[in-house]
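Protein chains in written order, with our numbering: chain A, 1 to 104; chain B, 105 to 344; chain C, 345 to 644.
No lab work stands behind these hints: they were computed from the structure.
Please note that the accuracy of each hint is not assured.
[Stated by the list, open to error] Cβ pair distances, simulated, as ranges: (1) B:296 <-> A:18: 52 to 60 Å; (2) A:51 <-> C:593: 54 to 62 Å; (3) A:101 <-> C:495: 24 to 32 Å; (4) B:271 <-> A:68: 42 to 50 Å; (5) C:531 <-> B:293: 30 to 38 Å; (6) A:101 <-> C:366: 41 to 49 Å.
[Unchecked claim] Some chain B residues flagged as far from chain C (calculated, every beta-carbon gap over 12 Å): (7) 119; (8) 120; (9) 123; (10) 137; (11) 153; (12) 156; (13) 190; (14) 202; (15) 291; (16) 301; (17) 331.
[Stated by the list, open to error] Covered stretches of chain A (chain C as the covering partner; in silico rule of three or more C-beta atoms under 8 Å from a C-beta of chain C): (18) 16-26; (19) 31-37; (20) 44-51; (21) 77-86.
Positions of the beta carbon are idealized from the N, C-alpha and C atoms, including for glycine.
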Amino acid sequence: MEILEFRFDSTPGARPNHPALCGVVGSGNLEILVQSGELPDCCQVHIKTSARGFGTTWQAVLGDFAASHAAGGTTIAINDMGATPAVVSLRLAQALAEYQGGAQ
Amino acid sequence: MSLNDILDRLFPAGHTVNVANSVITGHAQTVQGTVAVLGTTDAAAIDHAMALALADFVLDTVEQHPGRPLVFLVDTSGQALSRSQELLCLNGSLAHLASCVDLARRQGHPSIALVTANAVSGGFLSFGLMADQAYALADAQVRVMDLRAMARVTKIAHERLVELASTSPIFAPGADSYVRMGGIVAIWAGPSAELLASALADAATARAAGDRRQADGLTRGGRLLAAGIAQGIRNSAAGA
Amino acid sequence: MSLSLASRHSWFEATARARIAGLLDAGSFTEWLPPAVSQPSPHLAQLDLPGAFDDGVVVGYGQLAQKLIFVIAQEGQFMGGAVGEIHGAKIVGTLRRAAEEKPAAVLFLIDSGGVRLHEANAGLIAISEIMRAVLDARAAGVPVVALIGGSCGAFGGMGIVAKLCSAIVISEEGRLALSGPEVIETVMGVEEFDSKDRALVWRVTGGKHRYLMGDCAVLVEDDVAAFRSGAADFLAAWDEPVPGIATLRARQRGLEARLAAYGALCDGLDVWAALGVAQPESVPLLDRDSLVALKEGLPT
Chain A
1 MEILEFRFDS
11 TPGARPNHPA
21 LCGVVGSGNL
31 EILVQSGELP
41 DCCQVHIKTS
51 ARGFGTTWQA
61 VLGDFAASHA
71 AGGTTIAIND
81 MGATPAVVSL
91 RLAQALAEYQ
101 GGAQ
Chain B
105 MSLNDILDRL
115 FPAGHTVNVA
125 NSVITGHAQT
135 VQGTVAVLGT
145 TDAAAIDHAM
155 ALALADFVLD
165 TVEQHPGRPL
175 VFLVDTSGQA
185 LSRSQELLCL
195 NGSLAHLASC
205 VDLARRQGHP
215 SIALVTANAV
225 SGGFLSFGLM
235 ADQAYALADA
245 QVRVMDLRAM
255 ARVTKIAHER
265 LVELASTSPI
275 FAPGADSYVR
285 MGGIVAIWAG
295 PSAELLASAL
305 ADAATARAAG
315 DRRQADGLTR
325 GGRLLAAGIA
335 QGIRNSAAGA
Chain C
345 MSLSLASRHS
355 WFEATARARI
365 AGLLDAGSFT
375 EWLPPAVSQP
385 SPHLAQLDLP
395 GAFDDGVVVG
405 YGQLAQKLIF
415 VIAQEGQFMG
425 GAVGEIHGAK
435 IVGTLRRAAE
445 EKPAAVLFLI
455 DSGGVRLHEA
465 NAGLIAISEI
475 MRAVLDARAA
485 GVPVVALIGG
495 SCGAFGGMGI
505 VAKLCSAIVI
515 SEEGRLALSG
525 PEVIETVMGV
535 EEFDSKDRAL
545 VWRVTGGKHR
555 YLMGDCAVLV
565 EDDVAAFRSG
575 AADFLAAWDE
585 PVPGIATLRA
595 RQRGLEARLA
605 AYGALCDGLD
615 VWAALGVAQP
625 ESVPLLDRDS
635 LVALKEGLPT
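When you get a sec, could you build the whole thing from the sequences and use the hints?
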């Protein structure tokens, strides 16, 4: 297992109080928990992954996500069992939409 | 140690015990009076017939001897592994046996279980762990799976499991792990009428207190989370 | 009436959370110890494995047909739904709370291979605690209904737990047994049980077989809405019995008679023939409604 921490600048988005969970920690899958973070223009990410040595891949996938979504003001926690970058991107978008959808 | 030696030492005042198909049934004299003696021997792999024989004896005791304590002797290598057994829902017969032990508890029969040699998984769940209090003889093997098999199934190196097992009771086979986890009350150096008398005296109190295993596991430092989690659920915002 | 494929929402493929959402009245579920306030298992972390925030089980309360219901839902995709320390304690806590607060029922969505080997001792003791807590809830008058239809079925200690519940609602895809076919094959050989023979596995452990034999009370389609109506209909007609010797004596006689009649058989086909099914080989092909009709027509 490897533990990774990242912080990305991101456009401030809605910050509802209710956290959102997406996905399951199953083989080739991951769970993502999105909660309100401290810094409005920042997205903080904490990852536990079963696959070692993919730090740069995570950084690239998460960087793309933070740049293309209004994910500022969130803390994202991830438990991963070897999801591919495509699955990670999909789940991130789902989790953020679910989190921010809960604001309405 | 043979079953007869164990019985002689537990019940020096006398016992009348029958063994058929590895199933023990009978009664014995103690300072607290007559007790029902039942369980399995020869590392029995529990099947339908054994589970039903034990359940029948529990029901007989409830019907014919209200309040008589139950002393379970546990020596089981687990459950019978066969297609025909599963075809008839072996888990159902084990659940029926557990229900009968539970009924006896509700009807006021104190119960204790003594692991005499082996206590493994399903066989242990169906009656030994259903007693008010479980004990084990010092050389008894209590486990879900040995570490080599566990290493194969979990794909974790055997050496790593051995290393962790020396410090954590969470998966390490052995009666002492179960004591620390709250599943077994105490280990007996050998079968003893005195220890049995004191266990029977405690059993009635234990029955009234309900299932204390999470609290015991916490006190003994082996299971640090379970008690708090269960209590946390009960304290969460109201459901009604 | 069979549902069209398009309108179905497979229970087998749904996550534990999706099952709860479709099972209860819309929007009525509240989770206890939700992911944001709970921690993954430290025992898995010690073995260098990522955990799940909910440790593979979702518990809480909601409404089914406007009645207060407690729910326990195991996530089969995480560690095979297996019971570890936190996972087990969440279930025990929910059942004990049910015995005190007396909701209309506990719905127990089982999807589990039994004890989590990585936490074997904690898991085994927890399952024993769950067994007692199910019986305590039932003795307090609260029905506990098992719903089985996930990818992991109900095996090992969770198979025993399922049979301690008031009743089982199962789908054809659901499986219920003690030892898994893989375990029996590994220990006893492929001649005893070929775990790769899926049709055989279903004839021995599958939902249709368990329903025909009376081990499960309700057979439903692999559909979330079907589980919802199956559970609601069952509860509407059910009075939880006070535990008593008469019930257990009757069950004892039934199990003894069944063992005497069918104990030598090894395949569902043989048991179904012995039950009086005229064309046992057709059973695996029957849809749910036809199978229910077949069972109702059998001699009792």
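Closer than 8 Å Cβ to Cβ for three or more residues is the test here. Does the region 77-86 of chain A pass it with chain C? holds (count 4)
Closest CB-CB distance from residue 190 of chain B to chain C, is it above 12 Å? At about 5 Å from chain C, residue 190 of chain B fails to clear the 12 Å cut-off, so the statement is violated.
Residue 101 of chain A paired with residue 495 of chain C, Cβ distance criterion 24 to 32 Å: At 28 Å between Cβs, range holds.
Just double-check residue 301 of chain B for me: nearest Cβ-Cβ distance to chain C has to come out over 12 Å. Residue 301 of chain B clear of chain C: closest Cβ-Cβ about 25 Å, beyond 12 Å.
According to the definition I'm using, a residue is off the interface if its beta carbon is farther than 12 Å from all beta carbons of the partner; does residue 153 of chain B meet that for chain C? violated, 7 Å
If you check the beta carbons of residue 296 of chain B and residue 18 of chain A, does the distance land in 52 to 60 Å? holds, 59 Å
Assertion that residue 120 of chain B lies farther than 12 Å from chain C (Cβ): holds, 23 Å
Taking 41 to 49 Å as the stated bounds, is the beta-carbon spacing between residue 101 of chain A and residue 366 of chain C within them? Roughly 18 Å apart at Cβ, these two residues miss the hinted range, so it is violated.
Does residue 291 of chain B sit more than 12 Å from chain C, CB to CB? Given that every Cβ of chain C is farther than 12 Å from that of residue 291 of chain B, nearest at about 15 Å, it holds.
Pairwise beta carbon distance, residue 531 of chain C to residue 293 of chain B, judged against the given window 30 to 38 Å: The hinted range 30 to 38 Å holds for residue 531 of chain C and residue 293 of chain B, with Cβ atoms some 33 Å apart.
Does the Cβ distance between residue 51 of chain A and residue 593 of chain C fall inside 54 to 62 Å? holds, 56 Å
Is it correct that the beta-carbon of residue 202 of chain B has no partner in chain C closer than or equal to 12 Å? It is violated; residue 202 of chain B is separated from chain C by about 6 Å at its closest Cβ, not greater than 12 Å.
In summary, the structure is inconsistent with hints 6, 11, 12, 13, 14 and 17 from the numbered list given earlier, while agreeing with the others.
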